[in-house]
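> The chain contents come next:
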Amino acid sequence: MQNPTIVYVPRDSAARSVGADEVAAALQQASEQGEFAIEVVRNGSRGALWLEPLVEVVTEQGRIGYGPVTADDVPGLLAAGLLTGGDHPLRLGRVDQLPWLARQNRVTFARVGVIDPLSPEDYVAHGGLRGLRAALALDPADVVAQVTESGLRGRGGAGFPAGIKWKTVLECQGEGADLKFICCNADEGDSGTFADRMVMEGDPFLLIEGMAIAAHAVGASEGYIYLRSEYPDAIATMNAAIEIAHGQGWLGKGVLGSTLDFDLRVRVGAGAYICGEETSMLDSLEGKRGMVRAKPPIPAIEGLFGKPTVVNNVLTLTTVPVVLADGPKAYQDLGVGRSRGTQVFQLGGNIKRGGIVETAFGITLRELIEDYGGGTLSGRPVRTAQVGGPLGAYLPVEQFDLPMDYEAFAEAGAMLGHGGVVVFDDSVDMAAQARFAMEFCAEESCGKCTPCRVGAVRGVEVIDRIVAGTHRDENLALLEDLCDLMTDGSLCAMGGLTPMPVRSALAHFPDDFLGGRKLLDITPVHRTEGTA
Amino acid sequence: MTTSGTDVSVESVVRRAAAAHRAERGALLPVLHAVQAELGCVPQEAIPVLADEFNLSRADVHGVVTFYHDFRREPAGRSTVRICRAEACQALGANRLVSYAREAGTPVGETSADGAVTVEQVFCLGNCALGPSVEVDGRLHGRVSPERLGALLNGTV
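Protein chains in written order, with my numbering: chain A, 1 to 532; chain B, 1 to 157.
Just so you know, the hints here were simulated from the structure itself, not pulled from any lab data.
We put the beta carbon where it would ideally sit given N, CA and C, even for glycine.
Don't take each hint at face value.
Label pairs and their calculated CB-CB ranges [what the hints assert, rightly or not]:
no. : chain 1 : residue 1 : chain 2 : residue 2 : range
1   : A       : A412      : B       : S12       : 52 to 62 Å
2   : B       : S99       : A       : P99       : 37 to 47 Å
3   : B       : E11       : A       : K295      : 36 to 46 Å
4   : B       : R148      : A       : G515      : 33 to 43 Å
5   : A       : P296      : B       : G109      : 35 to 45 Å
6   : B       : R148      : A       : G379      : 13 to 23 Å
7   : A       : L118      : B       : E11       : 33 to 43 Å
8   : B       : S12       : A       : E35       : 47 to 57 Å
Here are some chain B residues pointing at chain A (derived, C-beta under 7 Å) [what the hints assert, rightly or not]:
no. : residue
9   : L28
10  : H33
11  : F67
12  : Y68
13  : A88
14  : A91
15  : L92
Between the sequences and the hints, there should be enough to build the whole structure, so can you do that?
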């Protein structure tokens, strides 16, 4: 019997949402019937999500892609010579040469979609563990110095330099610092962001490696991945990967034969958006309501259970191994200004070619939406894009030449956040979007501080009155005042940034707020109690 | 699974879940997830048992249970359909799906009269490039049209 041909079908939940399991089953069935010798391997997704399910066949010419494939296409594809890269209308050519992918600079996402996510052999064969081995050969302070030098900034949204945070934790000594934690914030609740999910589903060992490096760097012995319950596939993949990593000696006592002991657990969230805020996440990890804490004390000094704690986002921790493996200089050479390295942009919403675009900072929004994204899915003109999640600004087309970096966005009254870009066509009602921002804040506020808890409810009401044309000028002034209060008076970014989408919608699309109509009803949600 | 069991069975479920997570720090959330996985909800009778297990007041436990969207006080329908209403799905007509569900007799937040299906809203399922998204019993569906939602609600797919 000839060697079976390896055919990759993604196991990523986005690919599964459009039928990847059915395609894999159809290929498996064809193989079992004996006519074709196929070994189906479930990889992560390449991030070209409009091509999913993207089937890749390993041939002498490289990995040839076909997509988007449905289960019904499988017999025809096999008949057309799928297994030797045969011609077919769905044939895309060599996947690594697809212009959409070839133009990117995959650093964090280098392995995602390439390997079998749960194969430790694949991981090591594709450069895995180089970062951890390099780190374990260094003193903790030198690891921290390398991370600082690389210019790596927290990729969760705030962009705080990772090395400085780590240094603070490392320098916590003496009583109370006997136990330190590494917490990975994988509560990726922002609409339009899915990079954390994709890297956890597509390259879970990378996150484990990054967290182990962090543990060595600051002297931590326990780690938690706080993973949102809306990501069941990522939870399953991370749990499986942690078990395998223990078996390989990559976690547990004496990691890779060193003196580092590091245990790691997944903690599943429970549907509260606010738990993506770091202090609220820490309370949730402690088994409490996810209420925001006042800072100081900062988590680096008094974090989880009052102990020194590193809290980093998934993309920050999954970039650390690259920094250690190739040295800080290589990473620093990418990017612009104070935004070093690459950023993982996520194109979503009404977009023709959505997915992951990892590239050096400095690309413009227009390049992302038009060149990569190909405009809207509906074919109608783009009207706006919301960048940085539900708390990010709505930018008009005239601002699409903004370079994507932290400082340029801050100057324009917007934020990069976690790199999510959600595109809307010209059918969008910006008053409804502004009202939704307030509605969302009212729904998800932890309730600790008044500007957020009450302000958001009042915000919905005021926008309704503006749109209905009731005392328009007075209510516009009131909304302005409310936005000021929420920005200045809220404890965390939830209340503090909710005004950003509201104000940007008002500033750039004032006509949508002209009076005399009623917005859609808020969907009545039956709830007996609770706040978040 | 329903809560028709007696208090004793609720208690034993809670105590078993707590014992399984005894070695973990701050394990209330994992235990609540475990209880809900077994009973379909976190019933009122579970609160004093949890308070006892975790050495907390009943008010503290009640506060945690009611803070999080995931924890139900009553079991859901036999199947749970969650419609994503976050911005990326809104851009592709998520509100049409919400209207469709309402017209089909199962508005967001309610369970159908025969107990077959509970419809809920959710903010982001992480499938923002292939929206509108709907999750049915933990399984994600992308590019969901109103017709397809109809089929998902009827359980015909």
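> Evaluate each hint against the coordinates.
Cross-check of the supplied hints:
The supplied range of 52 to 62 Å is met by A:A412 and B:S12, whose beta-carbon atoms lie about 59 Å from each other. Hint check: B:S99 to A:P99, Cβ distance near 39 Å, so the stated range 37 to 47 Å holds. Between B:E11 and A:K295, the C-beta spacing of about 40 Å keeps the proposed range 36 to 46 Å intact. At about 37 Å, the beta-carbon gap between B:R148 and A:G515 stays in the expected band of 33 to 43 Å.
In this structure the hint that A:P296 and B:G109 lie 35 to 45 Å apart at CB holds, the actual value being about 40 Å. Checked against the hint of 13 to 23 Å, the pair B:R148 and A:G379 passes, with Cβ atoms roughly 21 Å apart. Distance hint check: the CB atoms of A:L118 and B:E11 are about 38 Å apart, consistent with the given range 33 to 43 Å. Evaluation of the 47 to 57 Å hint for B:S12 and A:E35 yields a pass: the beta carbon distance comes to about 54 Å.
The criterion of a C-beta within 7 Å of any C-beta in chain A is met by B:L28, whose closest approach is roughly 3 Å, and the hint holds. Taking 7 Å as the C-beta cut-off, the interface hint given for B:H33 holds, the closest approach to chain A being about 6 Å. The closest approach between the C-beta of B:F67 and any C-beta of chain A is roughly 4 Å, which is under the 7 Å cut-off, so the hint is satisfied. For B:Y68, the shortest C-beta to C-beta distance to chain A is roughly 4 Å, which falls under 7 Å, so the interface hint holds.
For B:A88, the shortest C-beta to C-beta distance to chain A is roughly 4 Å, which falls under 7 Å, so the interface hint holds. Interface hint at B:A91: satisfied, since its Cβ lies 4 Å from the closest Cβ of chain A, which is below the 7 Å cut-off. Annotation: B:L92 was flagged as interfacial toward chain A, and the flag holds, the nearest CB pair being 6 Å apart, inside 7 Å.
Violation of the numbered hints given earlier is absent; every hint is satisfied by the structure.
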